[in-house]
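Trainee: These are the residues of each chain, in order.
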Amino acid sequence: MAGIINALVYVLGNLHFLIIGVAAGIIVGAIPGLSGSTGIILMLPFLIYIDPPSALIMMSGLFCGSMFGGSIASILVSTPGTPSAAATVLDGYPLAKKGQAGKAMGTALVASTMGGIFSTLCLIFLAPQLAKIALKFGPSEYFALMIFGLTIMASVSSSSLTKGLLSGFLGLLLSMVGLNPTLGTERFTFGVTRFLTGFSMMPVLIGLFAISEVLTQLELFSEGKIIQLSKKHKIGSIMPTRKEMKGLWKVILGSSVLGTIIGIIPATGGAIASFMAYNEAKRFSKDPESFGKGALAGVAAPEAANNATTGGAMIPLLTLGIPGDVVTSVMLGALMIIGVQPGPLLFSQSPQIVTDLFVGFMLAQFLMLVLGYLSIRASNLILRVPLGVLYPVILCLCLLGAYSLGNSVYDVGLAFVFGIVGYFMKKYGFSAPSVILGLILGPIAEQELGKALIISHGDWTVLVRSPLSLMFYAFALASLAYSLGIFKKKKKTA
Amino acid sequence: MGKIDIVCGLIAGALAILFFIGTLSFPTSSIGINPRVYPFVVIFSTFALSATLVAQGFLKQKRTKNPPAKTLPRGTTALKLIALAAGMLIYVFALEPLGYIVVTPLLMALTMLLFGERRPLKIVAVSALVSIALYWVFRTVFRVPLPRSVIW
Chain A
1 MAGIINALVY VLGNLHFLII GVAAGIIVGA IPGLSGSTGI ILMLPFLIYI
51 DPPSALIMMS GLFCGSMFGG SIASILVSTP GTPSAAATVL DGYPLAKKGQ
101 AGKAMGTALV ASTMGGIFST LCLIFLAPQL AKIALKFGPS EYFALMIFGL
151 TIMASVSSSS LTKGLLSGFL GLLLSMVGLN PTLGTERFTF GVTRFLTGFS
201 MMPVLIGLFA ISEVLTQLEL FSEGKIIQLS KKHKIGSIMP TRKEMKGLWK
251 VILGSSVLGT IIGIIPATGG AIASFMAYNE AKRFSKDPES FGKGALAGVA
301 APEAANNATT GGAMIPLLTL GIPGDVVTSV MLGALMIIGV QPGPLLFSQS
351 PQIVTDLFVG FMLAQFLMLV LGYLSIRASN LILRVPLGVL YPVILCLCLL
401 GAYSLGNSVY DVGLAFVFGI VGYFMKKYGF SAPSVILGLI LGPIAEQELG
451 KALIISHGDW TVLVRSPLSL MFYAFALASL AYSLGIFKKK KKTA
Chain B
1001 MGKIDIVCGL IAGALAILFF IGTLSFPTSS IGINPRVYPF VVIFSTFALS
1051 ATLVAQGFLK QKRTKNPPAK TLPRGTTALK LIALAAGMLI YVFALEPLGY
1101 IVVTPLLMAL TMLLFGERRP LKIVAVSALV SIALYWVFRT VFRVPLPRSV
1151 IW
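Residue numbers (the working numbering), protein chains in the order written: chain A, 1 to 494; chain B, 1001 to 1152.
Pairs of lysine-lysine residues, derived as DSS-like cross-links and limited to a Cα-Cα distance of at most 30 Å, are as follows:
#1 489/A <-> 1003/B
#2 1062/B <-> 490/A
#3 1062/B <-> 427/A
#4 1122/B <-> 232/A
#5 225/A <-> 1060/B
Some chain A residues judged to face chain B by a derived CB distance under 7 Å, without partners named:
#6 49
#7 188
#8 388
#9 395
#10 396
Source of the hints: derived by calculation from the structure; they are not laboratory data. Remember, predicted model here, so these are calculated numbers, not experimental data. Where is the CB? At the ideal position from N, CA and C, for every residue including glycine.
Produce the entire structure from the sequences given, and follow the hints as far as they go.
Mentor: Have a look at this one:
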């Protein structure tokens, strides 16, 4: 109890960080082309200069805010601000066309908040239990867990299984540059002294995600595929009435449960959760014909579900150090930069940080309600942000961010190189999040493998002796099979 | 897309070979794991995936009778992308000798131009103000020693 009070005092004392996080999340989520992951990267140059717990709650606020923010562009201009808001277009845009854009966004806001609260409660109750179990893991179980984590790289790719896996293995190759984690001997430096320390996470993240995005947006802008929005949309009344809420609460609750469960499962994410929740809401609706024509339930279901994935996705991230989707992959990299190592030890060694995060995560949901309301009122302004100013500012922030961590021009150059690589990767269907996963999880997997073999005096059977290890290998196979199934289905429908 | 897959597969394969050559100079160890084992697994998997991608590329080329003509950006788009990439590259090399406050507004102005901004006053004002504001925040608040030159 004392921990919770301390956390509450801490979070309230640093509320400005949470407010900035949630507000920034809503804005980046609302702007098509930007997403939660880009938002976290743009915030990194600032995050490294504040307390790790404050940085953590700021990032969590951004994560939650971006999920709701995505719905604004989905509803007003039929362009999802984030992939998770794609299902919201189906009923949100028809509502906007009927002149009920405000009502649609208000419903999305209430559903997002409720989904977020539900998943935060699950995070608070489930994460410590899972961390307790994870504390019993030895090196061989950890190695198996990392193998499972690495299979996620196949599913975060959007175009092909081969490209997703190859991207991840390129990340693993890059992660080997520098020093051998067990022996401390130099490897793969190719005579370049700079390579001795390996590739720093900050410039790689900035390059692969943010600089590449600026280049992609420039290409789209030049080809006329994105245009400067100038039209003002009618917002109208915002909050759903009590009568409307009465008809929505079951949908919101069901979607929140579904979203949280999907969020916990690695390799899924908000986009899958929102479409599944939409389909379920339609299936159980008394009036399924109204879906697609502007049903409030068609907005509430995906929005409750995608916000519910936030708390769910934080469970494996915090307790096992395994990210669930693209945003949490970036968050994992960001956490390491700010000096927080996710995993069961975080719960036993820094319990106050975890409690601060829980309290911050919960407060973020309520803040989202207030800031979300204001952002709906200002939605016309957010969507009409001039591209000619937005992307140049992002680019300068990226280059400055790359410099600021090590005060090194070399890092700026590295960010530039990875920016170019990231642009081509995106263009040709490769996956930048997979590279990050390989870069983060590879060294841990190698280290745990080394430890397991030292303990067992070189006996490789140690890797398959424990039932927990076998369970993780089974999960890894299932994850790969699932990804293969998804890609086969995509190929068939293409 | 088939041709692109072949090229990408070949690049990744070449990278795997380069890393394989890098393992040849590894020392041997009797503690725990041989230092070559883990890199070998990663390198051979990368090579196998590259080969698969090349094979998939050839199959795609065989199946598609009329491959899409456009694979790389062309015309104005290509010029704009090259201009931005060149601008960033010059920024990297000019940052230390010329200083942050000189090169950042220039890069920002170039990016604004490329994103269609044509009002000179707005370009000058925004690029200068944003650069100075960021300079102030990082130099005075976060105490990041941003590069300064004789000019500034």
